[in-house]
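Enquirer: Each chain, written out:
2 protein chains.
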Amino acid sequence: MRNIDENNITQAVLARMDGCSNPRLKEILGSLVRHLHDFAREVKLTEAEWMQGIEFLTATGHMCDDKRQEFILLSDTLGLSMLTVAMNNAKPAGVTESTVFGPFHVADAPHVEQGADMSGGATGEPLFVTAKVTDPHGNPVAGADVDVWHADEDGLYDVQRPDLVHHQGRAIFRTDADGSLRFRTVLPVAYPIPTDGPVGKMLVATGRHPWRPAHIHFMVVATGFERLITHVFRDGDPYMDSDAVFGVRSSLIGKFEEHPAGVAPDGSTQSVPFHTLNFDFVLQPV
Amino acid sequence: MRNIDENNITQAVLARMDGCSNPRLKEILGSLVRHLHDFAREVKLTEAEWMQGIEFLTATGHMCDDKRQEFILLSDTLGLSMLTVAMNNAKPAGVTESTVFGPFHVADAPHVEQGADMSGGATGEPLFVTAKVTDPHGNPVAGADVDVWHADEDGLYDVQRPDLVHHQGRAIFRTDADGSLRFRTVLPVAYPIPTDGPVGKMLVATGRHPWRPAHIHFMVVATGFERLITHVFRDGDPYMDSDAVFGVRSSLIGKFEEHPAGVAPDGSTQSVPFHTLNFDFVLQPV
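Heads up: the sequence lines are chains A and B, in that order.
Going by the numbering used here, the first residue of the first sequence is number 1, and it counts up by one from there.
Going by the numbering used here, the first residue of the second sequence is number 1, and it counts up by one from there.
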């Protein structure tokens, strides 16, 4: 086929995939091509705008390394991540809801004993967390791996501090026989997603703020249950209704209580005010 | 807004751009978000497939450097480039048509005298090109800058040879007072687009071949005329109807004539068979 124009090109590209032996790939790429072409025709994309798009995607790729995932950030801020999460994680009432994974998880977080301080030196007000992992009937899930990660009082994850050689605010715990979990860390605060890359430029150009309400990330993995990837949001945060990545669910807002200096839940004496959070996770059986 | 689901998220993302002060950017990004979300819903994209997409885009970005533009290659192979070119370059009958820019242009090609050999040592059968640049009435366009680039007999551009420190098969000429252009180079051959990156994997996975019919790239820039970005394709090429990037237009197929060894158009004596091409470019006034 030759003399392809802006109208017959879509069919030409789809026809070129006739020999694709993977029906799911053919379906996905075929749909992507149709929507991509429809988009370009709808806005009558100019060649200069096309080149800006190429340059934006290239810069986004160059921003990605083992500690930074700018394409996930782009997907998050365009709502594609939350759309995908919501579409794939419809849960029965009572089961803990999922939200976005985010770009700051790392694969090699340290395994830490129950009750330990996972802050790793991250600064912030003391926070004592207790939690329980159960099935939908309230039966404890023992031996679940609970991967926890969060930002410090400056709103930064450890991977955003280039000089840091060890993990901060990042740990994997294993639930006790009664499904319980307890640890100490620092209070999460609202923070802007990284704005020093192409996604930050896109937010500025579209008049959007980069803030996320304060939260702690949890990923819970237990045999016989669906993997749960979620957050617990800190109640009262001013960004709860304008999360830059559209991740807030009412059921995931935890009650963070502030206490005066004194004896903390772990028996230690705190010379400054501290916070507590109790939150229960309900897993969906596979 | 919270408790966003896969249906109301599109409106939520669009509403977040209400403050965008650039109406064109708002239009483009709004359309992109709608089509991107429609795509994900239509195929019911899974989280694993979403992650494959993130990894594909990241690998594509990491393949890009000052000599390789994998996102342009992706756009080319998905038909987006030719769609954009066709949509923006509807030309009156008689004016030379445009086609894709491709990923192998470089900004710093050498300026070369008329009649010179632009192969720069690239191997291949000798080719002598004559051309004329005119307006739609046949009046010569003098002093037009004509940027020419093409692959060698191995189907490789100079930028694909990492050890090469100078340009090959790449030059910028200026038309004479009569709008004419002449140079020597080597015969272009059909070649596969680079298959060592993510785009190559996509082609294999979808059962597509990577071949482009033999061609020479031309970019013609002259005061008072629209910039022309095009190819001249070599007649008789077996890939003329299955160009991997959908760029062929009948009007851009040139007649490459083969001659026995003997006196060439530049007066030199060739000891091997050689080829000639004559092609005229008609520019559209601005």
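The set of hints was computed from the structure by calculation and includes no laboratory data.
Please note: incorrect hints may appear among the correct ones.
A pair holds if it fits inside one copy or across any two, identical chains being indistinguishable in the list.
Here are the simulated EDC-like pairs of lysine to aspartate or glutamate, each with C-alpha atoms no more than 20 Å apart in a straight line [claimed, not checked]:
#1 44 to 135
#2 26 to 65
#3 255 to 280
#4 26 to 47
#5 67 to 280
#6 26 to 147
#7 26 to 38
#8 132 to 117
#9 67 to 108
#10 201 to 18
No experiment lies behind these values; they were computed from the predicted model shown.
Enquirer: Now tell me if each hint is right for this structure.
Expert: Hint by hint, here is what the structure shows:
1. Taking the shortest Cα distances, residue 44 and residue 135 never come within 20 Å of each other, neither inside one copy (52 Å) nor across copies (27 Å).
2. For the identical chains of this complex, residue 26 and residue 65 are neighbours neither inside a copy (29 Å) nor across copies (29 Å), given an alpha-carbon limit of 20 Å.
3. With identical chains, the CA atoms of residue 255 and residue 280 are at most 20 Å apart within one copy only, with a shortest distance of 11 Å there and 75 Å across copies.
4. Taking identical chains as interchangeable, the C-alpha atoms of residue 26 and residue 47 lie at most 20 Å apart only when they sit on different chains, with a minimum of 18 Å there against 28 Å within one chain.
5. Within a single copy, residue 67 and residue 280 get their C-alpha atoms no closer than 30 Å, and across copies no closer than 53 Å, so neither meets the 20 Å cut-off.
6. Within a single copy, residue 26 and residue 147 get their C-alpha atoms no closer than 35 Å, and across copies no closer than 38 Å, so neither meets the 20 Å cut-off.
7. Proximity of residue 26 to residue 38 under the C-alpha cut-off of 20 Å is found in both arrangements, the shortest distances being 18 Å within a copy and 17 Å between copies.
8. Taking CA atoms no more than 20 Å apart as the test, residue 132 paired with residue 117 passes inside one copy only; the shortest distance there is 18 Å, against 77 Å between copies.
9. In this homomeric assembly, residue 67 and residue 108 come within 20 Å of each other (Cα to Cα) only inside a single copy, at 12 Å, whereas the closest approach across copies is 35 Å.
10. When the C-alpha separation of residue 201 and residue 18 is checked against a cutoff of 20 Å, the pair qualifies only between copies, where the shortest distance is 16 Å, while the shortest distance within a copy is 39 Å.
In terms of the numbered hints stated before, the structure departs from hints 1, 2, 5 and 6, listed from lowest to highest.
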